[in-house]
Amino acid sequence: MSVNLIKCGVGNIGSVKNALNQIGYEPNIVENPNQFNHNFKKIILPGVGSFDSFIISLKHSGLFNEIISLVNSRQFSILGICVGLQSFFETSEEGSKIGLSLIKGSVVKIKSDQDIKIPHMGWNDIIVNKENSLLTDIPKNKFYFAHSYCVKPLYEENILAHTIYDKIIPVVINYKNIYGVQFHPEKSFLQGQKILKNFMDLC
Amino acid sequence: MLKKRVIPILLIKNNDVVKSVKYKNHKYVGDPLNIIKIFNEKEVDELIVLDIEKSKNNDELNYELIKNFASECYMPLTYGGGIKNLKQAERLFSLGIEKILINSANFNDYQLIKNISEKFGSQSVIAAVDINKNLFNKLYLFDWVNGEKIQLDVNIHIENCIKNGAGELLLNFVFNEGTLSGFDTQWLDFINCKISVPLIINGGINSMKNIEECLQYEKIDAIGVGAYFIYYGPHKAVLISYTSNKG
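So the protein sequences, as listed, match chains G and R.
So in this note's numbering, the last spot in the first sequence is 203, and the numbers never skip.
So in this note's numbering, the last spot in the second sequence is 450, and the numbers never skip.
Quick caveat, the hints were computed from the structure, so don't treat them as lab data.
Check the hints yourself; a few may be wrong.
Stated by the list, open to error - Every beta carbon over 12 Å from chain G, so not counted as near; a handful from chain R, in silico:
#	residue
1	Asp234
2	Asn243
3	Lys259
4	Gly285
5	Ser297
6	Tyr313
7	Phe339
8	Lys366
9	Gly370
10	Tyr434
Said to hold, decoys possible - Cross-link-like lysine to aspartate or glutamate pairs, in silico, EDC-like; alpha carbons within 20 Å at most:
#	chain 1	residue 1	chain 2	residue 2
11	R	Lys270	G	Glu26
12	R	Lys206	G	Glu93
13	G	Lys117	R	Asp392
14	R	Lys206	G	Glu94
15	R	Lys290	G	Glu31
16	R	Lys422	G	Asp115
17	R	Lys207	G	Asp166
18	R	Lys322	G	Glu93
19	R	Lys206	G	Asp52
20	G	Lys194	R	Glu244
21	R	Lys317	G	Glu26
22	R	Lys322	G	Glu31
23	G	Lys117	R	Glu244
24	R	Lys207	G	Asp125
25	G	Lys97	R	Glu321
26	G	Lys194	R	Glu275
27	R	Lys397	G	Asp115
28	R	Lys366	G	Glu90
29	G	Lys109	R	Glu321
30	R	Lys317	G	Asp115
31	G	Lys167	R	Glu421
What the hints assert, rightly or not - Now the in silico label distances, taken between C-beta atoms and shown as ranges:
#	chain 1	residue 1	chain 2	residue 2	range
32	R	Lys230	G	Asn32	47 to 55 Å
33	R	Lys206	G	Asp201	26 to 34 Å
34	G	Lys152	R	Lys336	41 to 49 Å
35	R	Asn271	G	Gly62	28 to 36 Å
Small disclaimer: the values here were computed from a predicted structure and weren't measured.
Backbone N, C-alpha and C define an ideal beta-carbon position, used for all residues, glycine too.
Next comes chain G alone, as it looks inside the complex:
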């Protein structure tokens, strides 16, 4: 059992692949719909770059519709990382494209009345709102963030954990077989690798 790791346009998959190797998985790299290994019931969607450019490359490669249909079949679990998570939502203030719309809600610019630095960059604590196997036995709660936009799910029950950067920012999201993290588990030492491992261990 391994995982389909989506390489899409500007996605930085090098470090995700390294982290997966570290926990004993050799991912199947997917650049177009024909490359999915249907025996592997897990999909990881890392993303960097702007919302629109990410959605455009997903569409360009034909992965946009394929991801929606695989996820909707409920036979696959998906983990989105950073912009990968953001792409699960319907719209983003960062652009005009429509996202994968797997989860109800939008992506909004990080705002504050205070004079805070954007991007939200560095190590921040996550606070768990809701127990979930994805977050089991995490050795530390500090994770690496680098983002200027954040997700805003319509339903609060989709938020498994949040962080505080002047205001509350939802950072771990779950809806049915769909999981997402705003931080970079692949760059967050053992606690990050544990999250990837927990995702791989999900039934």
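Position chain R against the provided structure of chain G, taking the given hints into account.
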């Protein structure tokens, strides 16, 4: 709470880690992969690796070496040195580099910052600004490749970098670099523009106390450290260290 970062900065020359004083007199420190492994085990907040030869010689980047760096790092890794175009940036990101550092202050560099940030997001590009001081202690923008003053106000340059999409700013105080004589937060008094992105300072950090002082300084979001983590004792023996007693 967002933790302020302490970031080791490694200089690479001929595929070795070296350390300079005021950007000169590069001394051999060790094998980069070994040193990165040590920093990885010490769980450093982040790591910046700068190839100081590539910019000077206009060489193509050593992707094989950079790939090895990235596979040893389970924390964010920034690479700088010799990046001239978007294609190189793209290749670096695919190898597992998180952020790219662009240094120098000409129109092409602003354009490159802009191109990288538009495609990969502003969180993926750091603008490095080299600052030196003259005999009258006046700070000026420094061109490290040619070793001369750049005729552009530092504040205007900083504003240009941010305007073009730099997601982070690294201010190098060249006159103090590698001297282990302490970083003085008063050097930041020259800033009269709004720095809306995280600010990393670098140059002369020499003790835990000095790190603590800088961490408490409001304007500073992260601290670059070179010699202090690399050398130990009065004879400057090489001993890679890292602080652990911080938030």
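Going down the list of hints, with the structure as the test:
{"no.": "1", "hint": "Asp234", "verdict": "holds (20 Å)"}
{"no.": "2", "hint": "Asn243", "verdict": "violated (8 Å)"}
{"no.": "3", "hint": "Lys259", "verdict": "holds (27 Å)"}
{"no.": "4", "hint": "Gly285", "verdict": "holds (19 Å)"}
{"no.": "5", "hint": "Ser297", "verdict": "violated (6 Å)"}
{"no.": "6", "hint": "Tyr313", "verdict": "holds (19 Å)"}
{"no.": "7", "hint": "Phe339", "verdict": "holds (32 Å)"}
{"no.": "8", "hint": "Lys366", "verdict": "holds (14 Å)"}
{"no.": "9", "hint": "Gly370", "verdict": "violated (5 Å)"}
{"no.": "10", "hint": "Tyr434", "verdict": "holds (26 Å)"}
{"no.": "11", "hint": "Lys270/R to Glu26/G", "verdict": "holds (17 Å)"}
{"no.": "12", "hint": "Lys206/R to Glu93/G", "verdict": "violated (27 Å)"}
{"no.": "13", "hint": "Lys117/G to Asp392/R", "verdict": "holds (19 Å)"}
{"no.": "14", "hint": "Lys206/R to Glu94/G", "verdict": "violated (26 Å)"}
{"no.": "15", "hint": "Lys290/R to Glu31/G", "verdict": "holds (19 Å)"}
{"no.": "16", "hint": "Lys422/R to Asp115/G", "verdict": "holds (11 Å)"}
{"no.": "17", "hint": "Lys207/R to Asp166/G", "verdict": "holds (14 Å)"}
{"no.": "18", "hint": "Lys322/R to Glu93/G", "verdict": "holds (17 Å)"}
{"no.": "19", "hint": "Lys206/R to Asp52/G", "verdict": "violated (30 Å)"}
{"no.": "20", "hint": "Lys194/G to Glu244/R", "verdict": "holds (16 Å)"}
{"no.": "21", "hint": "Lys317/R to Glu26/G", "verdict": "violated (35 Å)"}
{"no.": "22", "hint": "Lys322/R to Glu31/G", "verdict": "holds (18 Å)"}
{"no.": "23", "hint": "Lys117/G to Glu244/R", "verdict": "violated (29 Å)"}
{"no.": "24", "hint": "Lys207/R to Asp125/G", "verdict": "holds (12 Å)"}
{"no.": "25", "hint": "Lys97/G to Glu321/R", "verdict": "holds (16 Å)"}
{"no.": "26", "hint": "Lys194/G to Glu275/R", "verdict": "holds (17 Å)"}
{"no.": "27", "hint": "Lys397/R to Asp115/G", "verdict": "holds (10 Å)"}
{"no.": "28", "hint": "Lys366/R to Glu90/G", "verdict": "violated (29 Å)"}
{"no.": "29", "hint": "Lys109/G to Glu321/R", "verdict": "holds (16 Å)"}
{"no.": "30", "hint": "Lys317/R to Asp115/G", "verdict": "violated (24 Å)"}
{"no.": "31", "hint": "Lys167/G to Glu421/R", "verdict": "holds (19 Å)"}
{"no.": "32", "hint": "Lys230/R to Asn32/G: 47 to 55 Å", "verdict": "holds (50 Å)"}
{"no.": "33", "hint": "Lys206/R to Asp201/G: 26 to 34 Å", "verdict": "holds (29 Å)"}
{"no.": "34", "hint": "Lys152/G to Lys336/R: 41 to 49 Å", "verdict": "holds (47 Å)"}
{"no.": "35", "hint": "Asn271/R to Gly62/G: 28 to 36 Å", "verdict": "holds (33 Å)"}
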